[in-house]
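**Student:** This is what each chain is made of:
Number of protein chains: 2
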Amino acid sequence: MQEIKKYVDENQQRFLDELFDLLRFPSISADPAYKGDVLKTADFVAEKLREAGADNVEVCSTAGYPIVYGEKIIDPSKPTVLVYGHYDVQPADPLELWHTSPFEPTIRDGKIFARGACDDKGQFYMHVKAFELMQKTDSLPCNIKFMIEGEEEVGSGNLGIFVKDNKERLKADIVLISDTSMISLDTPSLETGLRGLSYVEVEVTGPNRDLHSGVYGGAVANPATILSKLIASLHDENNHIAIPGFYDDVQSLTETEREQLNKAPYDEEEYKKDLGVEELWGEQGYTTIERTGIRPTLEVNGIWGGYIGEGAKTVLPSKAYAKISMRLVPNQQSGKITELFKEHFERIAPKNVKVKVTEHHGGEPVVTPTDGVAFRAAEKAIEESFGKKPIPTRGGGSIPIVALFEEVLGIKTVLMGFGLDSDNLHSPNEKYDIANYLKGIETIPLFHKYFAELSV
Amino acid sequence: MQEIKKYVDENQQRFLDELFDLLRFPSISADPAYKGDVLKTADFVAEKLREAGADNVEVCSTAGYPIVYGEKIIDPSKPTVLVYGHYDVQPADPLELWHTSPFEPTIRDGKIFARGACDDKGQFYMHVKAFELMQKTDSLPCNIKFMIEGEEEVGSGNLGIFVKDNKERLKADIVLISDTSMISLDTPSLETGLRGLSYVEVEVTGPNRDLHSGVYGGAVANPATILSKLIASLHDENNHIAIPGFYDDVQSLTETEREQLNKAPYDEEEYKKDLGVEELWGEQGYTTIERTGIRPTLEVNGIWGGYIGEGAKTVLPSKAYAKISMRLVPNQQSGKITELFKEHFERIAPKNVKVKVTEHHGGEPVVTPTDGVAFRAAEKAIEESFGKKPIPTRGGGSIPIVALFEEVLGIKTVLMGFGLDSDNLHSPNEKYDIANYLKGIETIPLFHKYFAELSV
Chain A
1 MQEIKKYVDE NQQRFLDELF DLLRFPSISA DPAYKGDVLK TADFVAEKLR
51 EAGADNVEVC STAGYPIVYG EKIIDPSKPT VLVYGHYDVQ PADPLELWHT
101 SPFEPTIRDG KIFARGACDD KGQFYMHVKA FELMQKTDSL PCNIKFMIEG
151 EEEVGSGNLG IFVKDNKERL KADIVLISDT SMISLDTPSL ETGLRGLSYV
201 EVEVTGPNRD LHSGVYGGAV ANPATILSKL IASLHDENNH IAIPGFYDDV
251 QSLTETEREQ LNKAPYDEEE YKKDLGVEEL WGEQGYTTIE RTGIRPTLEV
301 NGIWGGYIGE GAKTVLPSKA YAKISMRLVP NQQSGKITEL FKEHFERIAP
351 KNVKVKVTEH HGGEPVVTPT DGVAFRAAEK AIEESFGKKP IPTRGGGSIP
401 IVALFEEVLG IKTVLMGFGL DSDNLHSPNE KYDIANYLKG IETIPLFHKY
451 FAELSV
Chain B
1 MQEIKKYVDE NQQRFLDELF DLLRFPSISA DPAYKGDVLK TADFVAEKLR
51 EAGADNVEVC STAGYPIVYG EKIIDPSKPT VLVYGHYDVQ PADPLELWHT
101 SPFEPTIRDG KIFARGACDD KGQFYMHVKA FELMQKTDSL PCNIKFMIEG
151 EEEVGSGNLG IFVKDNKERL KADIVLISDT SMISLDTPSL ETGLRGLSYV
201 EVEVTGPNRD LHSGVYGGAV ANPATILSKL IASLHDENNH IAIPGFYDDV
251 QSLTETEREQ LNKAPYDEEE YKKDLGVEEL WGEQGYTTIE RTGIRPTLEV
301 NGIWGGYIGE GAKTVLPSKA YAKISMRLVP NQQSGKITEL FKEHFERIAP
351 KNVKVKVTEH HGGEPVVTPT DGVAFRAAEK AIEESFGKKP IPTRGGGSIP
401 IVALFEEVLG IKTVLMGFGL DSDNLHSPNE KYDIANYLKG IETIPLFHKY
451 FAELSV
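From first to last, the protein sequence lines are chains A and B. Using our numbering, the letters of the first sequence correspond one by one to residues 1 to 456. Using our numbering, the letters of the second sequence correspond one by one to residues 1 to 456.
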């Protein structure tokens, strides 16, 4: 531990400088306009893996953005850790809400502000630097493989194919991912599950063209009004999701499990204050921790239709749209839920409009084992570097690929995230605390150490 | 009539060319980016009035866009007609739905396609050309004044002040406006009333920043969902507007008046086919003609919030917005209805969001007299040029300034429109039939003739 701390202390400015270089690439996978930047980011990541000491580094082509692979095999008889991360980021809009440019990282109050600072550039790069540390201090205790992709924010569409085609190369004993949060530096935690995702886009068409609302208003169904009515009906008065069959496969937790889960520190007043809301909202009968962890949800991620420019336009629009996503919990299946949504939405649409439901990406929910060697290694590593045993929590987000690793490669995952829920992931002013970044670099070598020791 | 037809025949190509020049100005008053173009349009209109023979032509400054004034006083003892029109146009978006550029007029199937072709450039310019015709053929039978404004599409905010400041200059016996529709060239009609307007923008704020829908979804009110619920509640199951007090001042028509109104030709199958809808929508207990003419309505003109770009973003937005307008019928007051909406919307908003209602422009409903000299003159003019007596109808649109003319100047209005409901006003591919344009130029001199004769 002393040696680790010393190395991190001596190199922390360079660790920050390199991360800043990485953050300057606007690697937005959702927007084709940034294609060149996304590709350059992959090259940069490969270069940094090589510099850190990885062998067989390759920018592997896919039908979409490339996957960066690298490895260090010290001894085939030793255990192998497969590190997964992603170098692509969410779009930065609405741009006007950023206090500083999303792709010019800025430090304020000990925090790095930039798109991708936490999700996931700051987090996966800790692994590159921890690997460098183990290489330079000659302390790498196991084999390590890196697989850093560029399509996580758009559903990892090509990673599945890559994994299937590279089963041998990716052989490992555990997948290690830092793409989640912990409660705080004072209250470290480890996520033991992730929600799945169904993401759809709906289009409601009324008249075949935009109409003058004075001439036709009152006589023709307005798709924005109808879409509002449809969305309004998706939650009942208790904020349960009103899609028939939606909860059928939901795995309920026992009372003991729920009690355990609710032991995590949570201050409702502080939570509301941080979000600037007077009252919370959610499914009746569940706590905030449960609503965001073990219960499925349905959210409108975007809605639009008609005239949305400056001033007033008296139009009765032809079309209205919404992007709607559902978070799924263990036992629910993304494909089935998407189908249920589609059927329901088409069924409830009145005859005076037409609706179309298009599927975006999905992902399956996962529960990671808490009784294996890897989880214990993560617990010990965190306990040593933070001075406290981590609390097990359920993450609300989704990393669709975790279920796939288990299915295709037969490998379980450890979610050792160092972000915070308040890091503004997917929002303006995304940040990552320098302290968390450095603490992560310190903790990761300990994970490898204990994983190697406990695996014997 | 023979002389009129001859002049129109001989000059029709030039009449079209000049209108095309006028249509090429993108005089979008709602969007500040087009300020230069709007100003140039005013100068062009002034120039054309001068060329046609008007005296004292002036581009009158206001706090907003200028009002173009011109006049021909042949004899102060003769009656005076004040022609009102507007040279500004609606925004052209969504641009991708136009078959040809909105500001490069194109003729297809005898129709002129361009933004403003009908509303109102094509219609007010008929008056400029009819005036030229009367001047050149030495047949102007009365005094004529022109007042062509540039802010009709944004609520005529400065016209009221101009009218109050120029009562003497604007003195007239009747206001003549061509900014409405007739049923068809085969079934000419005259509008005898216009609906008023209340136009508001609503903003719903949930959390103080965009959130990750996985981390916070299910625990925090989503403003897009809440806005949908609020909009959904604005119409009840019979599509009555559910704002308390909304209908209190509505003037009901007698059964006889309703029967009379419903005599206008209307083919529901054709109406649905033209709009591409399977079923109509509207307030229970009323026909389409009533719903669009004598009943107040509430329409969502635009809605937006969250991520509306390409692909998928798992955001729980901080804000969602809608533009909502209400058409009002005689006896309702724009200011009062706006206030009722505001109070209602704020009252029904749940505590887990904040709502803000901002007023855009409004206008009062009007009924124009059908028993005066001017209406009879319009009837006779149309009967002579179309060969059929016009049917009186109620227009669904709003020309806020009509109520103001009556209030400030004490002058009634005749709405002699030559557009068609199918002209795509405020929509992509706005058009105006060449036949209607030329027929208008033929009919207008007859109006002046009969108005002068009947006024004696």
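Hints listed in this document are in silico derivations from the structure and should not be mistaken for laboratory results. Wrong hints could be hidden among the right ones.
Each pair may be met inside one copy or between any two copies, as identical chains are not told apart.
As the list claims (entries may be wrong) - The list that follows gives simulated cross-link-like pairs (lysine-lysine, PhoX-like), each with its CA atoms no further than 25 Å apart:
1. Lys167 <-> Lys78
2. Lys273 <-> Lys354
3. Lys351 <-> Lys272
4. Lys351 <-> Lys439
5. Lys272 <-> Lys356
6. Lys263 <-> Lys389
7. Lys72 <-> Lys164
8. Lys72 <-> Lys273
9. Lys273 <-> Lys351
10. Lys72 <-> Lys263
11. Lys356 <-> Lys342
12. Lys388 <-> Lys263
**Student:** Could you work out which of the previously given hints the structure breaks and list their numbers from low to high?
**Tutor:** Checked against the structure, the hints that fail are numbers 4, 8 and 10, while the rest are satisfied.
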